[in-house]
Amino acid sequence: SQTIHQWPATLVQPVGSPLSLECTVEGTSNPNLYWYRQAAGRGLQLLFYSVGIGQISSEVPQNLSASRPQDRQFILSSKKLLLSDSGFYLCAWSESSGGPQYFGPGTRLTVT
Amino acid sequence: RKEVEQDPGPFNVPEGATVAFNCTYSNSASQSFFWYRQDCRKEPKLLMSVYSSGNEDGRFTAQLNRASQYISLLIRDSKLSDSATYLCVVLRGSYIPTFGRGTSLIVHP
Chain E
178 SQTIHQWPAT
188 LVQPVGSPLS
198 LECTVEGTSN
208 PNLYWYRQAA
218 GRGLQLLFYS
228 VGIGQISSEV
238 PQNLSASRPQ
248 DRQFILSSKK
258 LLLSDSGFYL
268 CAWSESSGGP
278 QYFGPGTRLT
288 VT
Chain L
6 RKEVEQDPGP
16 FNVPEGATVA
26 FNCTYSNSAS
36 QSFFWYRQDC
46 RKEPKLLMSV
56 YSSGNEDGRF
66 TAQLNRASQY
76 ISLLIRDSKL
86 SDSATYLCVV
96 LRGSYIPTFG
106 RGTSLIVHP
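Protein sequences appear in the order of chains E and L. Going by my numbering, the first sequence opens with residue 178, and the numbers climb by one from there. Going by my numbering, the second sequence opens with residue 6, and the numbers climb by one from there.
The hints are simulated quantities; they were obtained by calculation from the structure and are not laboratory data. Please read these numbers as outputs of a predicted model, since none were measured by experiment. All C-beta atoms in this analysis are idealised placements derived from N, C-alpha and C, irrespective of residue type, glycine included. Fair warning: there could be bad hints in the mix.
As the list claims (entries may be wrong) - Chain L side only, calculated, beta carbon under 10 Å to chain E, not exhaustive: (1) Q11; (2) P15; (3) A34; (4) Q36; (5) K50; (6) G59; (7) L79; (8) R81; (9) V94; (10) G105.
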C-alpha cells in the first residue's frame with residue numbers, strides 16, 4: 178500500500194531564515210505531487226504541483242519554491258521566510274492518471 | 006464567482022439527525038469530484054468520490070448535479086464522531102484540484 182511521509186511535524190523559524198520541508202511517497206511510481214498551505218481558519222491553497230521529475234508548476238507567486246529531485250520526493254523551500262509564511266503545509270499525491278489526492282500528516286510552521 | 010463554494014456553517018445538529026451539505030462549482034468542464042473530511046489540526050482525508058450516478062457508503066450519500074453544477078453530501082444518523090470540517094474538491098483536467106473552504110459540522114449529544 179502507499180504511504181506518504183512529511184517532516185518535520187512542527188517547526189518554529191525566525192523571519193528571514195531559510196526553509197526546507199520534505200515529502201516522500203512509498204508504494205507507487207510516477208505520482209503527481211502537490212504542496213498546499215492552510216492558514217489558520219482558512220481553506221487549502223495549492224502552492225505547487227508536479228507531474229514528473231524536475232517538472233514544477235506554481236499556482237501562486239510568492240517567496241517559496243519547490244523541487245522534485247527524485248520520482249517520489251518533493252521539497253518545499255524558501256530562502257527567507259516571512260511572517261505571512263506561517264501555516265499548515267501539506268504534501269499530497271495522486272495517481273499519474275488523476276483521481277483523488279492523499280495527504281501527508283503536514284508540517285505546522287510558525288514564523289516568529 | 007469563486008470556483009468552488011461551500012457554506013462554512015457551522016451546522017449544529019443532534020445525534021441521529023440527517024444533515025446535507027452542498028458545494029457549487031463554476032467550471033462546467035470540471036470532471037471529477039470528491040468529498041474530504043478534515044479534523045481539527047489534521048490533514049484532510051478522502052471520504053468518498055462523487056459519481057454521476059450518485060453513490061452511497063454506509064451512512065454517507067454523495068450526489069452530482071451537472072446541470073446545476075453542484076455536488077452534495079448527505080449524512081444520515083449523525084454520530085458525535087462525524088463532527089469535522091467537510092471539504093469538497095473539484096478537479097479541472099485530471100489532476101489540478103480546487104478545494105472548497107469547507108463546511109463545519111458539529112454533532113451534539
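Now for the hints, and whether the structure bears them out:
| no. | hint | result |
| --- | --- | --- |
| 1 | Q11 | holds, 9 Å |
| 2 | P15 | violated, 13 Å |
| 3 | A34 | violated, 14 Å |
| 4 | Q36 | holds, 8 Å |
| 5 | K50 | holds, 7 Å |
| 6 | G59 | violated, 17 Å |
| 7 | L79 | violated, 19 Å |
| 8 | R81 | violated, 23 Å |
| 9 | V94 | holds, 8 Å |
| 10 | G105 | holds, 7 Å |
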